[in-house]
Amino acid sequence: MSGCQHQWEMANVQFGFVVFEKCSHCNGLRTYFCVEDRPILGDKYREGHCFWARVENAQSFRFDVRCARCGQLVKLDDLMGFLECTGCLPDCPVELLQAELEPTRTWILVAFGFLSKERTLPLEPFKVDVLTEYFNQRRDTTRSRIRIVSFDLIEDLSRCQGQFIHDVGMLSLEPPPERKPLF
Amino acid sequence: MTTEDLVQKVGLEPLSRFEPRGVNGVFVSDMLSDVMANAKSGNLWLTVQTHKSIVPAANLVDVAAIIITGGKQVGSETVELASKYNIAILSTQLPTFELIGKLYKLGLGTS
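Protein chains in written order, with numbering that gives the first Met the number 0: chain R, 0 to 182; chain F, 0 to 110.
One thing to keep in mind: the hints can contain errors.
[Said to hold, decoys possible] Covered by chain F, according to a simulated footprint, are these stretches of chain R (three or more residues, beta-carbon under 8 angstroms):
#1 97-109
#2 122-129
#3 141-148
[Unchecked claim] Far from chain R by the CB rule (all over 12 angstroms, computed), these chain F residues:
#4 Asp4
#5 Val9
#6 Pro13
#7 Arg16
#8 Val27
#9 Asn37
#10 Ala56
#11 Thr68
#12 Thr91
#13 Gln92
#14 Phe96
#15 Gly106
Please keep in mind that the hints were generated in silico from the structure rather than gathered at the bench.
For clarity, every value in this text was computed on a predicted model and none was experimentally measured.
Backbone N, C-alpha and C fix where the C-beta goes; we use that ideal spot for every residue, glycine too.
So that you can see chain F by itself, here it is in the shape it has in the complex (with noise of 0.2 angstroms):
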């Protein structure tokens, strides 16, 4: 699977520029520390927190999407800055759980 189907599939709305890429599984937190230690490449980040810190410490772990839940509001700095580092930023109104849901019934988990 990949970023581009996940937002056929699932209804998101693609807030950066970037080049598809394959998915291997979920990553949800709202800690970068936790991210920085524990996601995975190729991963999607669900989370709630919108600050530009989101997009290097996704950089850093090249994560696959970062996925922005409950239709919380992007500023265009950190939209921006994941363009430059071609990281996929996808919007969604649903709250996580609801999201992780449907991601679990398209088969992705942890991976």
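This is chain R alone, in the form it adopts within the complex (with noise of 0.2 angstroms):
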């Protein structure tokens, strides 16, 4: 194990797309990013049994984490985004964290990988670790921190109102009535 006191910084910054993608024959929903400069459109598209339709382009960006003092590097390409809990299922095991938290100012972010057809792709809990400090390390934590989970923690995600953090609509000129939950 590395004795560093990593000091971690944003590397590798790629702005892109994250598409979201519906079949309307399994119901699955799946993600992908993509370093376009504009957002995907086109038609439904067979793949199997399924037929897939883009149902959302949000415009995003996706980063790696080096260390300043040693130079280790932490790929971080399977992460789609984060999420704020909204605290929609009382009973969930993200709402009750942060309301365990909340009194230390401590601020609970659930950190995503991409969906694939049958399940959230999972993400190391040592890549989860390393965002909670990293975030931390850029912030005055005399004041606040956060806390990065992983979506793992999520009791139900079909019935998940979090709201991800990333741009909707912005390639609109009207902005969208409200922001819809995806799930």
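Join these two chains into a complex; the hints should help.
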């Protein structure tokens, strides 16, 4: 194990789009990141029994983190983004943890991997810890702290009303009337 | 300079509940991804975005305040969430460009 007291910095920042696709046959949802300067539109397409259609293009970014002291690079290309818990499910472990940490001014954000047809791809616990370290190193922790948790903690993804922090509708001249939950 | 000083000197309207804190620079963007990638702790974030997601983005990178320019109306959900996180949402009728000029005269720039 490295003895370095890591000082993380954002590295390899790429701006692009998170593309959300839904299948009208199996009702599956999947996402991927694309580095394009314009959103991917287009028709439905077939893949096996599935008929995929794009339901949303959200402008977003991906990044890695690198230690400024020892140079260790942590690749985060499997990180889709962060979700803010809205407290929609009172028994959800994320909400319970938020209630526990709130008196210490520690705020939770949920890190999401990309969605495959079958399930959300897992994020390694090590990467979740590095993200927590990174965002706390970037802030004044005498005022408040950030705790990143993995989406695995969400009790029921299908009922989660959490809000992704990404740019929706930025390519339209008209703002969207409201943000809709993805699940 | 603190967020409270700015409220007085620039005539900003506080919308959320917050504790005053030091300000070290200005970041201007209407994209959450840009803010999360490039804004710094203690920055003022100038934007015309008012939806609720600006609050967790601001909280993630620890900005000192979100300033909504151009007199855009901010919904109560956004204000309540900012109060919960102790994040200042300040409002001004000034367009972004004019506000930047005032902040620059006060000695604030990019940090």
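> Any hints this thing doesn't respect? Which numbers, in order?
Replying inline: Violated hints (numbers, rising): 2, 9 and 10; every other hint is consistent with the structure.
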